[in-house]
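Note that our numbering numbers the sequence shown so that position 93 is 91, with each residue one more than the last.
Worth double-checking, as some hints may not be accurate.
[Unchecked claim] Quick list of in silico lysine-lysine cross-link-like pairs, DSS-like style, CA-CA up to 30 Å:
| id | residue 1 | residue 2 |
| --- | --- | --- |
| 1 | Lys90 | Lys225 |
| 2 | Lys51 | Lys110 |
| 3 | Lys88 | Lys36 |
| 4 | Lys196 | Lys225 |
| 5 | Lys243 | Lys225 |
| 6 | Lys128 | Lys88 |
| 7 | Lys131 | Lys88 |
| 8 | Lys88 | Lys196 |
| 9 | Lys267 | Lys34 |
| 10 | Lys202 | Lys137 |
| 11 | Lys51 | Lys168 |
| 12 | Lys88 | Lys225 |
| 13 | Lys243 | Lys98 |
| 14 | Lys110 | Lys131 |
[What the hints assert, rightly or not] Label pairs and their in silico Cβ distance ranges:
| id | residue 1 | residue 2 | range |
| --- | --- | --- | --- |
| 15 | Gly198 | Pro87 | 30 to 38 Å |
| 16 | Ser86 | Leu47 | 35 to 43 Å |
| 17 | Glu56 | Gly160 | 41 to 49 Å |
| 18 | Lys40 | Glu248 | 35 to 43 Å |
| 19 | Glu248 | Asp103 | 47 to 55 Å |
| 20 | Lys36 | Ile104 | 31 to 39 Å |
| 21 | Gly198 | Ser86 | 30 to 38 Å |
Simulated from the structure, these hints should not be mistaken for lab results.
It should be emphasised that the depicted structure is a prediction, and the values quoted were computed from it without experimental measurement.
Every residue, glycine too, gets a C-beta built ideally from N, C-alpha and C.
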Amino acid sequence: MKRLSVIIALLGVAFSVMAEPAMAQAQNEWQTEPVKVKKWRKYDVGEILFNDKAPQTEGSQIYNRLIPNPEEYIAGCAREVLATLYFSPKDKVTPVQTLKYTLEDIEGISAKSGGNGRVHIFYSTRHVEKSYKGSGDEKVFFETRGVLLHELTHAYQLEPQGIGTYSTNKTFWVFIEGMADAVRVANGGFYGEQDRPKGGHYTKGYRYAGYFFVWLRDNYDPDFLRKFNLSTLDVVPWSFDGAIKHVLGEQYDIESLWHEYQVSVGDIKE
């Protein structure tokens, strides 16, 4: 057991070193937050149930080689997500009782389903294989962490109230997917500026909104992501303008801030 622990520890150091160039790039261009995970160490993230449904695939073998203790790894990433979305466990945190995480030989990348404290996340072994080809272990490890941060955000984030649902209201959808990618950006889960989509509009969600939200954190309020997440409890019916005014002040509006962001990052020339 002692020898196995040493091997696992050495693997962790090795992958930290391999990921360093990518992480350094993300930190240089998009200030990543040293999330305060310490206060979340004793927080119950829910029972994590890992199930490899595709052990015969190359993707499964790669995943299990890189992440020998998936339950512990997922719990660690969950605490990073919680520390990014909330101030402390005293906040009104979305509870998760069980979190099923499965490796599956299917198309797609990863997705979260379920609710009311019972969450399921699948991760495609085919995507692992695609990430591995031409890039190797470093790419798989980096991508796996980034994808996991995004999906775990869906498990623990708060949701807008009074405007419908994910499938019926675009504002709801943009907030949910934008915040998930914002958490990924904030924790170095993308390759910095290289992965930032140029132009567009925050209403496209995902990275368009995610990078914008992190820019607001870096330029307006270091607690923006936490306050924006928690705004769903106070701004009802929820809206982007309502949440922006709630978090930053009545003098601000979402479209003006988006324009300022686009100018700041060089997508609009004035």
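Against the structure, the hints:
| no. | hint | in the structure |
| --- | --- | --- |
| 1 | Lys90 with Lys225 | 12 Å, holds |
| 2 | Lys51 with Lys110 | 16 Å, holds |
| 3 | Lys88 with Lys36 | 14 Å, holds |
| 4 | Lys196 with Lys225 | 26 Å, holds |
| 5 | Lys243 with Lys225 | 11 Å, holds |
| 6 | Lys128 with Lys88 | 41 Å, violated |
| 7 | Lys131 with Lys88 | 44 Å, violated |
| 8 | Lys88 with Lys196 | 38 Å, violated |
| 9 | Lys267 with Lys34 | 37 Å, violated |
| 10 | Lys202 with Lys137 | 26 Å, holds |
| 11 | Lys51 with Lys168 | 34 Å, violated |
| 12 | Lys88 with Lys225 | 14 Å, holds |
| 13 | Lys243 with Lys98 | 37 Å, violated |
| 14 | Lys110 with Lys131 | 25 Å, holds |
| 15 | Gly198 with Pro87: 30 to 38 Å | 36 Å, holds |
| 16 | Ser86 with Leu47: 35 to 43 Å | 27 Å, violated |
| 17 | Glu56 with Gly160: 41 to 49 Å | 47 Å, holds |
| 18 | Lys40 with Glu248: 35 to 43 Å | 39 Å, holds |
| 19 | Glu248 with Asp103: 47 to 55 Å | 52 Å, holds |
| 20 | Lys36 with Ile104: 31 to 39 Å | 37 Å, holds |
| 21 | Gly198 with Ser86: 30 to 38 Å | 35 Å, holds |
Of the numbered hints given earlier, the model fails hints 6, 7, 8, 9, 11, 13, 16; all others are met.
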